[in-house]
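*Asks:* The chain contents come next:
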Amino acid sequence: MLKILGRATSSNVQKVLWCCGELGLAFEREDIGGPFGGNDKPEYLALNPNGRVPTIIDDGFVLWESNSCCRYFTAKHAAGTLYPDDLQTRADGERWMDWQLTICSPALVPVFWGMIRTAPEDRDMAAIGKARDKLSTVMAILDGGLKGRDFITGSQFTVGDIPIGIAAYRWFAMDIEREDYPNLKAWYDRLTRRPAFREHIMQPLE
Amino acid sequence: MYKIMGRASSSNVQKVLWCCAELGIEYEREDAGMEFGKVDTPEFFDLNPNRRVPVLIEGDFVLWESNSIMRYLAGRHDPDGRLRPADPRVRASAQRWMDWQLSMLGPQFTGLFHGLVRTAPEARDADAIAKSRDLSEFNMEILDTQLGKTDYVAGDAFSYGDIPVAIHVYRWYQFEGIERKPLPNLERWYATLCERQPYRDHVMVGL
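Going down the list, the sequences are from chains F and V.
Be aware that the first sequence starts at 1, since it is given in the numbering used here, and climbs by one per residue.
Be aware that the second sequence starts at 1, since it is given in the numbering used here, and climbs by one per residue.
Honestly, I wouldn't trust all of these hints.
As the list claims (entries may be wrong) - Calculated from the model, a selection of chain F residues having no Cβ within reach of chain V, i.e. all distances over 10 Å:
1) K3
2) K41
3) N67
4) M97
5) Y169
6) M174
7) Y188
8) R194
Said to hold, decoys possible - No farther apart than 35 Å at their CA atoms in a straight line, the calculated lysine-lysine pairs in the DSBU-like style are these:
9) V:K3 to F:K185
10) F:K41 to V:K181
11) V:K149 to F:K130
12) V:K131 to V:K149
13) F:K3 to F:K185
14) V:K38 to F:K147
15) V:K38 to V:K3
16) F:K185 to V:K149
17) F:K134 to V:K38
18) V:K149 to F:K3
19) F:K130 to F:K76
20) F:K134 to F:K147
21) F:K134 to F:K185
22) F:K147 to F:K185
23) V:K3 to F:K134
24) F:K76 to V:K149
25) F:K3 to F:K76
26) F:K41 to V:K131
27) V:K181 to F:K130
28) F:K76 to V:K3
29) F:K185 to F:K76
30) V:K131 to F:K134
31) V:K131 to V:K38
32) V:K149 to F:K41
33) F:K147 to V:K181
34) F:K41 to F:K76
In short, the hints are calculated from the structure, not lab data.
Quick caveat, the model's predicted, so the values are computed rather than measured.
Backbone N, C-alpha and C fix where the C-beta goes; we use that ideal spot for every residue, glycine too.
Turn these sequences into a full structure, and let the hints guide you.
*Replies:* Have a look at this one:
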């Protein structure tokens, strides 16, 4: 059975859980990382030398980097649907997966750490406010990319929606100010109707 | 013909130029970014709202994010699997090393690169540079361990998984005045890459 190593509260683990949910893939998950520890043990580092989660084990094949795990699963189980056949459509979605790593996550992390991982009395609200403003400009970029589309590549949900969908949940769930980004909101509402999104992503932020 | 917007000194542009050279893809390149400007214009925002390079233009199709550009071009122009592994697990492994460059290697390398190459000596933050050096060396050790098991990052053949990491490894070996642990597997792989004409032409161009 497919094994997923990583705590279910990790945004990167959630990419893989949501993906498996969309594909109806059975898996066994083990809590690793954060309060559960285990990611600095030699057995884990032998699988993933970065000591990060998730790591997946698919019939002996060990893989880490959550975006690659999602492309691997969708190429295997959903070629033509979640993993588009058309190369431009596929690239269109994949660019937003890369973007989540390069642009979105660096903007989200300081806000997340400030608002979720720091006790209220210890928060530097001026710094968090600046970080929020930066995150808002990043969400505006995503809003622009969703204009005229139901999902990031067009009318169909694809693997490209997954990393940014998780970022969007955090944007909407944190107790912060939010500007009106109508395309982003409409797409996000569509995601909230997906059972796998509700089950794996719409969880308390920790 | 493809158009690529981006200065040839950008590590992300270099990925795409190297990829095109490996696959014999013709393109027109236009300088943009840093001293060349252009990225701050409204026209460039319409191409890439992130205001970054490279951008690939193919008629009406505009693509940004260098790793996605490489995967797109390899999907279109690589029937023999020079860059794009045929086996799905090897392909996933190659893509994993591409993601790793975005998520770990690249961000942890920035302090060192910007500190030593883009900052005047008197303005350098020695602590930040030292930290980045330590993290980068740890990442080089991760590569070295993998390259002790396989000839290239994803297996025993060269793939697009080697490209993003190899650009940082070139830079790692160019820095003057830093400590570098001997890493024999990494050094072997790097020496092999130094023989590849596309790597020489597009990546081994100084800092």
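*Asks:* Determine for every hint whether it applies to the structure shown.
*Replies:* Verification of the hints:
No Cβ of chain V comes within 10 Å of the Cβ of K3 (chain F); the nearest lies about 15 Å off, and the non-interface call holds. Every CB of chain V is more than 10 Å from the CB of K41 (chain F) (nearest about 17 Å), matching its label as outside the interface. Non-interface status of N67 (chain F) relative to chain V is broken: a Cβ of that chain comes within 10 Å, the nearest being about 5 Å off. Listed as outside the interface, M97 (chain F) is inconsistent with that label: its C-beta sits roughly 8 Å from the nearest C-beta of chain V, within the 10 Å cut-off.
The claim that Y169 (chain F) lies off the interface holds: its Cβ sits roughly 20 Å from the closest Cβ of chain V, which is beyond the 10 Å cut-off. Every beta carbon of chain V lies more than 10 Å from that of M174 (chain F), the smallest distance being close to 22 Å; the non-interface claim holds. For Y188 (chain F), the non-interface assignment is confirmed: its Cβ lies about 19 Å from the closest Cβ of chain V, beyond the 10 Å cut-off. At roughly 24 Å from the closest C-beta of chain V, the C-beta of R194 (chain F) stays outside 10 Å, upholding its exclusion from the interface.
Distance restraint check for K3 (chain V) and K185 (chain F): the Cα-Cα separation of roughly 34 Å lies within the 35 Å cut-off, and the hinted pair is therefore satisfied. Our distance criterion of 35 Å between C-alpha atoms is met by K41 (chain F) and K181 (chain V), whose separation comes to about 24 Å. The straight-line distance between the Cα atoms of K149 (chain V) and K130 (chain F) is roughly 45 Å, outside the 35 Å bound, and the hint therefore fails. Only pairs whose Cα atoms come within 35 Å are accepted, and K131 (chain V) paired with K149 (chain V) is accepted, the gap being roughly 28 Å.
Simply put, K3 (chain F) and K185 (chain F) have alpha-carbon atoms about 34 Å apart, close enough for the 35 Å limit, and the pair holds. Distance restraint check for K38 (chain V) and K147 (chain F): the Cα-Cα separation of roughly 25 Å lies within the 35 Å cut-off, and the hinted pair is therefore satisfied. A distance of roughly 15 Å separates the Cα atoms of K38 (chain V) and K3 (chain V); the hinted pair therefore holds under the 35 Å criterion. With a C-alpha separation of about 47 Å, the suggested pairing of K185 (chain F) with K149 (chain V) is violated against the 35 Å cut-off.
For the hint pairing K134 (chain F) with K38 (chain V), the CA-to-CA distance comes to about 22 Å; that is within 35 Å, so the pair holds. Taking the CA atoms of K149 (chain V) and K3 (chain F), the gap is near 23 Å; set against the 35 Å cutoff, the hint holds. Restraint check for K130 (chain F) and K76 (chain F): not satisfied, since their Cα atoms lie roughly 42 Å apart, outside the 35 Å limit. Taking the CA atoms of K134 (chain F) and K147 (chain F), the gap is near 21 Å; set against the 35 Å cutoff, the hint holds.
Only pairs whose Cα atoms come within 35 Å are accepted, and K134 (chain F) paired with K185 (chain F) is accepted, the gap being roughly 18 Å. A C-alpha spacing of about 11 Å is found between K147 (chain F) and K185 (chain F), which places the hinted pair at or below 35 Å, so the restraint holds. Under the criterion of a C-alpha separation no larger than 35 Å, the hint pairing K3 (chain V) with K134 (chain F) is consistent with the structure, at around 30 Å. A distance of roughly 26 Å separates the Cα atoms of K76 (chain F) and K149 (chain V); the hinted pair therefore holds under the 35 Å criterion.
Our distance criterion of 35 Å between C-alpha atoms is met by K3 (chain F) and K76 (chain F), whose separation comes to about 16 Å. Between K41 (chain F) and K131 (chain V) the alpha-carbon distance is near 23 Å, which keeps this suggested pair within the 35 Å criterion. At most 35 Å may separate the alpha-carbon atoms for a hinted pair to count; K181 (chain V) and K130 (chain F) exceed this at roughly 39 Å. Distance hint between K76 (chain F) and K3 (chain V) is fulfilled; the C-alpha atoms sit about 32 Å from each other, no more than 35 Å.
Of the pairs offered as hints, the one joining K185 (chain F) and K76 (chain F) holds, with about 31 Å between alpha carbons and a cut-off of 35 Å not exceeded. Pair hint K131 (chain V) plus K134 (chain F) holds up; C-alpha atoms about 25 Å apart against a cutoff of 35 Å. As the CA atoms of K131 (chain V) and K38 (chain V) are separated by approximately 33 Å, the hinted pair is consistent with the 35 Å bound. Proposed proximity of K149 (chain V) and K41 (chain F) is supported: the alpha carbons are some 21 Å apart, at most 35 Å.
Under the criterion of a C-alpha separation no larger than 35 Å, the hint pairing K147 (chain F) with K181 (chain V) is inconsistent with the structure, at around 50 Å. About 31 Å separates the Cα atoms of K41 (chain F) and K76 (chain F), which keeps this hinted pair within 35 Å; it holds.
When the structure is compared with the earlier hints, violations turn up for hints 3, 4, 11, 16, 19, 27, 33 and for no others.
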